[in-house]
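Residue numbers (the working numbering), protein chains in the order written: chain A, 1 to 784; chain B, 1001 to 1179; chain C, 2001 to 2328.
If you're looking for bench data, these hints aren't it; they were derived computationally from the structure.
Any given hint could be a false lead.
So the derived list for chain C, only partly shown, Cβ under 8 Å to chain B, looks like this [as the list claims (entries may be wrong)]:
| no. | residue |
| --- | --- |
| 1 | Gln2041 |
| 2 | Arg2043 |
| 3 | Leu2295 |
Taking lysine-lysine pairs in the BS3-like style, the calculated list, with each CA pair at most 30 Å apart, reads [as the list claims (entries may be wrong)]:
| no. | chain 1 | residue 1 | chain 2 | residue 2 |
| --- | --- | --- | --- | --- |
| 4 | B | Lys1133 | A | Lys206 |
| 5 | B | Lys1036 | C | Lys2063 |
| 6 | A | Lys73 | A | Lys3 |
| 7 | C | Lys2063 | C | Lys2146 |
Using N, Cα and C, we set each Cβ at its ideal position, and we do this for glycine too.
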Amino acid sequence: MPKLIIDNLEIEVPEGTRVIEAAEKLGIYIPRFCFHHALGAVGACRVCAVKVLEGAVEGVQMSCMIDAQDGMKVSTTDPEAADFRRSVIEWLMLNHPHDCPVCDEGGHCLLQDLTVAGGHSIRRYEGGKRTYTDQYLGPLVQHEMNRCIQCYRCVRFYREYSGYNDLGVTGIAGRVYFGRLREGVLESPFAGNLIDICPTGVFTDKPSRYTGRRWDFERTPGVCIHCSLGCRTTVSARYRQVGRMEGRFSQRVNGDFICDRGRYGFYYADRPGRPRSGRISGQTVSVDQAVYEARDRLQRITEEHGPQAVGVIGSGRSSLQTQSAMVHLCRTTGWQGPVFRNTRITGAAADTAACALNPENAVSMRELETADAILAVGADPVNEAPVLALAMRQAQRAGAQITAIDPRPLEWPFDFEHLACRAEEIGEALASAAERLSDSRRPVVICGTEITDAGIVLQAADLVAGLRGSGKTAGLFCTLPQANSFGAALLDECNACAADLAARVEAGQIRALAVIESDLWHDFPDRPQLEKALEKLDLLVSVDFLDTPLFEKADIGIPSLTVFEAGGIYVNQEGRAQQVRPAHTGGLPITVTGAGDHPPRTFAPNVPGRDMPAAWVTAFCLAGQAPPETDAQMTAWMRYNFAVLSDLARMDADGVRLFAGGKTPIAHEATMPEKPEQCLELLLAAAVFGGEPMSDYSQCLRELAGLPAVWMDRADADRHGIAAGDRVGLGFENGEVSFVVRISDHMAPGVLVVYRHPDIDWQPRAGDTRYNIREDRIRRIEKA
Amino acid sequence: MIRAGIDIIASIAAGFYTTGRHLFVRPFTESYPEYKRPLPARSRARIILTRDPEGRERCVACYLCSGVCPVNCISMQAAEDSRGRRYAAWFRINFGRCIYCGLCEQACPTSAIQLTPDFEHIRRDLLDMVFEKQDLLVDHCGKDPDYDFYQHAGVVTGLAGKGDHISENAPVNTRTNMP
Amino acid sequence: MWFWLLGYLVLMAKITAVLTAVMVLAAYLVLVERKLLGRFQVRYGPNRAGIYGILQPVADGIKLLLKEDLMPEGADRAIFLAAPAVVAITALMMFAVVPFGPRLTIGGREIPMVITDINVGLLYVFALSSLGVYGVALGGWASNSKYALLGGIRGAAQMISYELALGLSIVPVVMLAGSFSLVDIVNAQAGLPFILVQPLAFGVFLISAMAETKRIPFDLPEAETELGAGYHTEYSGMRFGLFFLGEYVHMQVMGALVAVFFLGGWRGPVLPPPVWLLVKIVLVVLFMIWVRATLPRLRYDQLMNLGWKVLIPLALVNILITGAFMAA
Ligand code: SF4
Ligand code: SF4
Ligand code: SF4
Ligand code: SF4
Ligand code: FES
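Work out the full structure: start from the sequences and follow the hints.
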């Protein structure tokens, strides 16, 4: 542990710490452009100059490039060093365009800050400025290369840290260029981080281009709810509208970065079509009216047919508050439910995954980065939980062996071994692959719940338990379908799924359904069955902040608040409960009240649309009870009423880990029946863009979803004489759907993989996430 | 001790003398409505949004004036027009709040926002003091007759491409390794 | 019976005359003060209402009357409402014992030119003057506002400190006159006004009188720069007007007392006695205005130092000296 003196202050730091980091520990901020704690140092910008007064190499040195050494004496304020830094800024500004007023980085620009700090305000150089032509990088990231200061952060993040290679450096000398090597859209689903990482305005946020300065935004710490990882975000809201999302550093969860689904998925919150008033049989009414009407009619049905005639359906995208209020609603009224999952197989898998986690085997994403062997079972992080792929890449860069057992044509940004097998063969493959972990000391098993079943999850958990038994610090890392599926598993008290309730509706046992923030329409495997069930209902009440088809069909529609307005607690897949604070107070955004023009000139104390209650408030009202008045009281109420949530009291900046304890997961039965002969198994899988109902509302992400495509194994394709790029039609019972064909060499044979696409409504066709399609129903429509 | 006492009395007396003498000095006051002093162009009152020499809106909605305004009386929404120019979709100054400090004018990088000597703009209804962009826009350059921000910036706006702006070199060729 | 009735009528007439004079004078003192302050600061002062701003007091009066009478939430209603009246009434009542001329003989009947000549008039004046501070302290307390409370507390503390100096400084005057009656005191100055005999007492009394009226440099109870408006921060409309009136009447009272104790009261050549008294009052008040235009406010500790360490010892020494001379 070297001990050194910086600016007359002594500090002891671990071996290998750079001087710039040591200074930061002392609270001394040394200017930097290229150094970044996640990316390391390259010494490209020269702005971190300090003077080493005593030590092995004396004189002006780059503090990011020298390791702290014992007995070193460093001055950051030495005139020579300060002058050096000032000159660096001045020469960086030689070519810098006069852009700040129209540059979206302005206001949080490192170059601006350091230029001001260095005192450079008058341009002395009279020559011309170097310019570059910019590239079109897709709908998410804006390119403005003139502003580049050659710090290399972008390429280091893009290529080294996240493992994509389409962006790079070209040119030499004064013409160094950072952009895509070929024309086209950025391929990485983490490209948005370029915006955060670039210290200047070269990469800026495109959808929110020219909409606001950082100082105008209300910036609130948030948590992403677009997958189960619960990455930390910073929500920027303005004029009652979310405008921009950024990654927020978290020691345990995501580190510095988030994926583009999380960064751009928030546009559902302020769409014009979002429900903002109550609806009774298609008529617009006030929210209160809708709530009271729903309460009265549900009560009447309860009185006439007994409490068993009402069912309640929730989901994993609701906050813990809403979920616990729903459980409370059913406890007090005796209604059936609430059920939080839509299908039995995946629901049971998720439930089992949550219950299998315990304080010993649970690992956080940051811990996963230190694993030395990873076995991924039926998980496709890039598509299901994107930032997990970043964490796996860091592990792989540090030397971890990664093995994947999956039928899908996995495309991960790091080296891994793919054991392609069909979904029902995963169990066997897992058993035989287990020995790959035997040489490791910190192995982690990653288990997905999208295409697996509860049996495989249990098998993975047993494997981890076995590894731990043999003295390894093995970890289990499961991904779950939704942001708060873990919370749902903790709270679930009824051994059923939405499919069961639908059956009971058809059987006439259930006459009314209250559906609260559920993606039933999107997820329910059998659309015809669902439609028939809905027909039979006497009353359908839908509470949602999305205008899902279900909300449109409901007899009574009650709007609810998004996470940006209501906040809430979300429990991620490792059981970490994280608090989200509301980002703004809600109400119609100015863009709506001003009808696109300036805000209205009439001033009133009440903001229109601020009368919407959070879903948990509505749940209390449906139970005929007064909800707790403040968020703090609600949290206290949850702790008091639910033993599994009592640890919420210990929540700190890192959240708090909740575990199911001895809870038994809901019963699971046999998985898919075996594949019949002469059939291909069609697998419907999550895609990073498209397929997650909330982010599907973001126009910019839809643009990235591309055309609906079907992936085929090369052998299968050859058998049908189909080539990559062909258009094929897949014939389902009720009609044909056409796809572009993609061919892969490393997916399971006999499987067709279709990634969910916002433009294709699945359920009326396939009936399930897995579907056996007869080979003669595959028809080529058009050659590439 | 005695000296100190004398000093105290003398200095108090000096004060009385000074104020007393003022009784016989003609007041400096200019009686306002009867006499309107001609004001210098840089005096600070009603705010305008000027145009560039070409007659285009100068304001690029950079939020610097609203950021610097000590009473937060400027609000706006930036937007991008069809040519890629950043401009203010709406721009509002609440003169009921403005203290005419002139910081907005100092902050403005485009010379768009300027204070004028016209201080006689009082309305009976407070809401009438809220000026929108069309109330603020004038069709001249104000005190700065020459400046056109978009000729200096590096962004492409449909008026000029990369390398066409003032003191810019032509875009470099990044595909060559020739020095 | 008619004799009694006539006496009553004469009394009423005297009260009416004095009240009217005092009120009108108070209103115009405000104007004079503002005008003079203006001139001291080389500007005009109010000059818009009427010619030379002559109607300004009327305009102010109308404004005050028409303003909404506000009461802060949590204020002590009764006390809040009564406090301004206490200030104004005590100030006005002090005029009852101020003589404004020699006895008048009409129809063989002697009419004293004073509302009432009580033999302890001086004590009466001091008693009322101290009561006035209740208005300040209570008003400050009842407002339920920190500024007002601080102002009220300062008012009370200041009153205690300066009441003593005020009383002690006047003892030599009483010793010389041999009476507590203001009429007698004036009569005792038939030869020489006491200002010449008792310059030290005059100085101490004048300074203490300014402190009693809470005027600059002793305006700590309302110190605008620190306390908003001190004890009357929360008052509006005519209630504020009453505080205001009280202050200006108090100024006149103090002017009248200075005149009575040191300047020979109504005595003077040529002009009729009430005019002389008026002239002397106005002179004292003008001096107070000049002081306001010139001196800065004392700090609280300076205020206390001046009162306890300078004025009170001086007054005591003065009593001893006077006693010694009288005994000699
Ligand atoms: S990158 Fe920074 S310094 Fe450059 S134009 Fe943008 S805000 Fe200004
Ligand atoms: S584009 Fe940004 S991150 Fe990349 S080198 Fe230039 S300034 Fe650095
Ligand atoms: S003059 Fe001052 S107060 Fe008025 S708008 Fe400008 S910055 Fe704001
Ligand atoms: S500072 Fe100037 S350019 Fe920027 S928003 Fe204000 S008026 Fe427009
Ligand atoms: S931060 Fe050290 S050289 Fe850039």
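| said: Which constraints among the numbered hints does this structure fail? Numbers only, ascending. | reply: Per hint list: zero violations.
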